[in-house]
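Participant: Can you build the whole structure from these sequences, using the hints too?
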Amino acid sequence: MSFLAITRATLAKDIRLEWRSKDAINAMLFFSLLVVVIFSFAFDPTAEESRRIAGGLVWVAFLFAAIVALNQTWARELRNQVLDAYRVSPAPATPLFIAKAFGNFIFVAVLEALMTPLFVAFYKLRPLGPSWQLIPIAVLGTWALVVNGTFFAAMSLRTRAREIMLPLLLFPLSIPALLGMVNSTAAVLTGETSPTFWIALLVAYDVVFTTACLLMFEAVLEAE
Amino acid sequence: MKRGFTILAIVTAVLLSFALYAALVIAPTEQTMGNVQRIFYYHVPSAWVAFELFLINFIASVFYLVRRSAKADILALVTAEVGVVFCTVVLITGPIWARPVWGIWWTWDLRLTLTLVLWLIYVSYLVLRRFSTSSQTPLLAAVLAVFGALDVPLVYFSIWFFRTQHPAPVIGGGGSLDPRMGWVLLYNWIAFMCLAWLVCWTRYRLEVAQRAVHEVEAMQSLMEGTR
Amino acid sequence: MSETQSTPVVVADGLIKQFGRFAALRGVTGEFAAGKLYVILGDNGAGKTTLLRTIAGLAHATRGVISVLGFAHINEARSQIGYMAHPSLLYDEMSGMENLRYFSELYGIPAADVDKKCRDAINAVKLDPDLDRPVGQYSQGMRQRMSLARALLNDPKLLLLDEPFSNVDARSAAEMAVLVAQARDRGKTVFVVTHQPAQLEAYADEFIWMELGRIVDRTATRGGRQ
Chain A
-7 MSFLAITRAT LAKDIRLEWR SKDAINAMLF FSLLVVVIFS FAFDPTAEES
43 RRIAGGLVWV AFLFAAIVAL NQTWARELRN QVLDAYRVSP APATPLFIAK
93 AFGNFIFVAV LEALMTPLFV AFYKLRPLGP SWQLIPIAVL GTWALVVNGT
143 FFAAMSLRTR AREIMLPLLL FPLSIPALLG MVNSTAAVLT GETSPTFWIA
193 LLVAYDVVFT TACLLMFEAV LEAE
Chain B
12 MKRGFTILAI VTAVLLSFAL YAALVIAPTE QTMGNVQRIF YYHVPSAWVA
62 FELFLINFIA SVFYLVRRSA KADILALVTA EVGVVFCTVV LITGPIWARP
112 VWGIWWTWDL RLTLTLVLWL IYVSYLVLRR FSTSSQTPLL AAVLAVFGAL
162 DVPLVYFSIW FFRTQHPAPV IGGGGSLDPR MGWVLLYNWI AFMCLAWLVC
212 WTRYRLEVAQ RAVHEVEAMQ SLMEGTR
Chain C
778 MSETQSTPVV VADGLIKQFG RFAALRGVTG EFAAGKLYVI LGDNGAGKTT
828 LLRTIAGLAH ATRGVISVLG FAHINEARSQ IGYMAHPSLL YDEMSGMENL
878 RYFSELYGIP AADVDKKCRD AINAVKLDPD LDRPVGQYSQ GMRQRMSLAR
928 ALLNDPKLLL LDEPFSNVDA RSAAEMAVLV AQARDRGKTV FVVTHQPAQL
978 EAYADEFIWM ELGRIVDRTA TRGGRQ
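Residue numbers (our numbering), protein chains in the order written: chain A, -7 to 216; chain B, 12 to 238; chain C, 778 to 1003.
In case anyone wonders, no lab produced these hints; they're calculated from the structure. A portion of the hints provided could be inaccurate.
FRET-style restraints, in silico, Cβ to Cβ [unchecked claim]:
no.	chain 1	residue 1	chain 2	residue 2	range
1	A	Thr185	B	Ala220	50 to 58 Å
2	C	Asp994	A	Glu214	30 to 38 Å
3	A	Leu207	B	Ala223	28 to 36 Å
4	B	Arg214	A	Thr185	43 to 51 Å
5	A	Glu40	B	Thr118	19 to 27 Å
6	C	Leu908	B	Val219	56 to 64 Å
7	A	Glu41	C	Gln914	47 to 55 Å
8	A	Ile156	B	Thr118	29 to 37 Å
9	A	Lys14	B	Val112	50 to 58 Å
10	C	Phe799	A	Leu25	41 to 49 Å
Here are the computed lysine to any residue pairs in the SDA-like style, where the Cα-Cα straight-line distance is at most 25 Å [claimed, not checked]:
no.	chain 1	residue 1	chain 2	residue 2
11	C	Lys894	A	Arg79
12	B	Lys82	A	Ala215
13	A	Lys116	A	Ala105
14	A	Lys14	A	Pro82
15	C	Lys894	A	Tyr78
16	B	Lys82	C	Arg798
17	B	Lys13	B	Leu217
18	B	Lys82	C	Phe799
A virtual CB, placed ideally from N, CA and C, is assigned to each residue, including glycine.
Facilitator: Okay, here's the thing in C-alpha cells:
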C-alpha cells in the first residue's frame, strides 16, 4: 500500500465530502464575512491607518474562520465513527494527517481567495510594497495555521468540549505565526519596512511544526 | 524521605522569613524608584523559578515520551502547576512595579510578552489535562509540552524583532546595581527555589497518593462480582 | 474441548481495560481457534464491544496481553482483520461503491482489482453496486449490509462483527446470518457480538458468555459442522 495513494485518496474523499455537504466552506465564508463587516463598523479607519491595521484584521478573520474548517475535518470522521474504519485498517496514520492538513489548506485558501477582494474593497487597500510578496506570505501563513490546527483538532477529539478546546490549544502556540503573518502583511501594505524577517520566521515555524506534527500524529490518533 | 521533607520545610520557612527581612530592610532603597523597587526581590526570583519549573516540565515530558514513565508524568504535571502559580505572581507583581515607575501597567516588551505567552501555553496545558477524556492524557500533555517548548524560541525571536524599541533592561543593565541588592536578589532566589521545591514535593506526594487511591478503587471495581 | 491442530487466532491473557475508574474488561483470558464462528453474548456493559475493539486493535488493554493472528503487535495483523461496528463506519454522503473504493485504498488493493473487489463485496451482501444513492439515504438494513461488505472487502482471515443484526428486519437478519456462516465456511474466524443469538443458533460453533467484563462460560455447540 502506497503512502502517496492513501494520501491522495483521503484528500480526494475529503474534498468530495466537502463539495457535497459544503458544511465547512459555507460556515467559514459567512463567518469571515461577518467578521469583515463587524470590523468595518468597529474601526472606521482612513486609508493610511487601514494599511497599518488591515494585516491584523485579515489574519484574525482567517484565523477564526479556519477554526470552523478545522473542527469540521474531524467532525466528518466522527459521524458513524468512520475514523475507526481508518484506524482498524493497515494504513499508517501519517498520510491521514497530511491529507487532512492539505485539505484544510485548500479550504482556507479558497476562503482567502474569496474574501481578499472584499477586504480590499471595504478598506480601500492598495499595497505600497511589492504586492507579489503577499502570495508567499499567504501560503506560509495559511500552512502555519492549518498544520498545527489539524494536529490540535485531532488532539481535541480526545477531550470534553471538543470544539472549544481547539482554540484554547491552538491560539497560544500560534502567536509567533500570527505575528509573522500580520507584520509581513502590514510591511507589504505600508511599504515602510521589509517583510523578510517575518517571512523567514514563518518558514521556520512551518518547518519546525510540520516536522513535529508528522512525528507525533500517530501517538495522538491512537490515544483514545 | 519524610525526614528530608520536614527538614526542607523548616529550611524553607527560615529562608523565606529572612528573605522578607532582607528584601525590606537589608537591601538599600533604590535612588530613583524608591521603595517600590523592593518588589523586585519577589518578582525576579519568581520569574526565574517559573522558568526553571517549565524547563523541568519540558525535560520530564520528553522523558515521558521516551520511557512512558508515570513518575516523569507526575513531575511534569506538578512543575506545570507550580510553574503557572509562580508565573502568575510574576505577571501580577510586574505591573504593580511598572505603574509607578514607568507610568504604565503593561508594555509589550520582550520579557513581559514572553512570560505572558509562556503562561498562556502552560495554562492551556493544564486545561488539556483537565478536559482530556483520553486514557492517555499523559501522552497528550507531553506532546503539548514539547510543542510549547518548540514555540518558545520562535516567540522569542518574533517579539525580539517586533519590539526592538523595548525599554533597556532594568536589571543588570547599568552600574546602578548596588552589590547588596545583588546579594539579596540571589538570596531570595534560593529561598524561592526551596519554596518551589517544597510545594512541588508536596504536590508530587499528593498526586502519587491520589493515583494510588484511584488504583485501589479500580482494583476494587475489578474484584466486584468475582464470587 | 476438541484438539487444536492449528495455532489459535486470538490468544488473550488477563485482559483488563479501564476507563477511568470503570473497568470494562476485568481479566479476559482465552484461546480461540481458527475457522470457527464465535457468538459473544451478555448484558449491556458486560464488555462485549470492548473485547471486540481490543481484538481489533482499536482499544488498547490497560493490562494483559493479546495476540491476534499470531502477531504480538496488532499493526502486523491489521490487513487480515475485518471489523464491523455498531455505527456504520461509512461516509453518509458517498455511495456504497465510493465508500468501498476509498477503503480499498487503505488496504492497498491494487488499482486494477479495486473495481472488481468492491463489486464482489457488494454483490456478496446482495446489494446493487450501481446504486448511486448516498449511504445516508439507505434503509437501516441496507446500511448494515453495506457495512458488512466493507468489513469483507479485504477478504480478512478474522472477522469481527458488533451487533450486525440490530435494527434490521427479520428477513435481512436471517440473510446476514447466512452470509456470516458462509464466511466461516470459507475458513474465516468470526466473532459476533449480538443480543439476538437465535439468528446464529444454527451456525455457531461456540457461545461465549460475558458478565461484568469477564468470560463466564463457553459452550461449544454442534450447530456449526454436523
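Participant: Please go over all the hints and tell whether each is borne out by the structure.
Facilitator: Status of the hints after comparison with the structure:
1. Thr185/A <-> Ala220/B: 50 to 58 Å: 56 Å, holds
2. Asp994/C <-> Glu214/A: 30 to 38 Å: Holds - the Cβ-Cβ distance for Asp994/C and Glu214/A, about 33 Å, lies within 30 to 38 Å.
3. Leu207/A <-> Ala223/B: 28 to 36 Å: 33 Å, holds
4. Arg214/B <-> Thr185/A: 43 to 51 Å: With a Cβ separation near 47 Å, Arg214/B and Thr185/A satisfy 43 to 51 Å, so the hint holds.
5. Glu40/A <-> Thr118/B: 19 to 27 Å: 25 Å, holds
6. Leu908/C <-> Val219/B: 56 to 64 Å: 59 Å, holds
7. Glu41/A <-> Gln914/C: 47 to 55 Å: 53 Å, holds
8. Ile156/A <-> Thr118/B: 29 to 37 Å: Given range 29 to 37 Å: holds, Cβ gap about 31 Å.
9. Lys14/A <-> Val112/B: 50 to 58 Å: 56 Å Cβ-Cβ, so the 50 to 58 Å window holds.
10. Phe799/C <-> Leu25/A: 41 to 49 Å: For Phe799/C and Leu25/A the Cβ distance comes to about 46 Å; the hint holds.
11. Lys894/C <-> Arg79/A: Since the Cα atoms of Lys894/C and Arg79/A sit roughly 21 Å apart, the hinted pair holds (cutoff 25 Å).
12. Lys82/B <-> Ala215/A: 19 Å, holds
13. Lys116/A <-> Ala105/A: 17 Å, holds
14. Lys14/A <-> Pro82/A: Distance of about 30 Å is beyond 25 Å: violated.
15. Lys894/C <-> Tyr78/A: 18 Å, holds
16. Lys82/B <-> Arg798/C: 20 Å, holds
17. Lys13/B <-> Leu217/B: 13 Å, holds
18. Lys82/B <-> Phe799/C: At roughly 23 Å apart (the allowed maximum being 25 Å), Phe799/C and Lys82/B satisfy the hint.
Of the hints listed earlier, the one the structure fails to meet is number 14.
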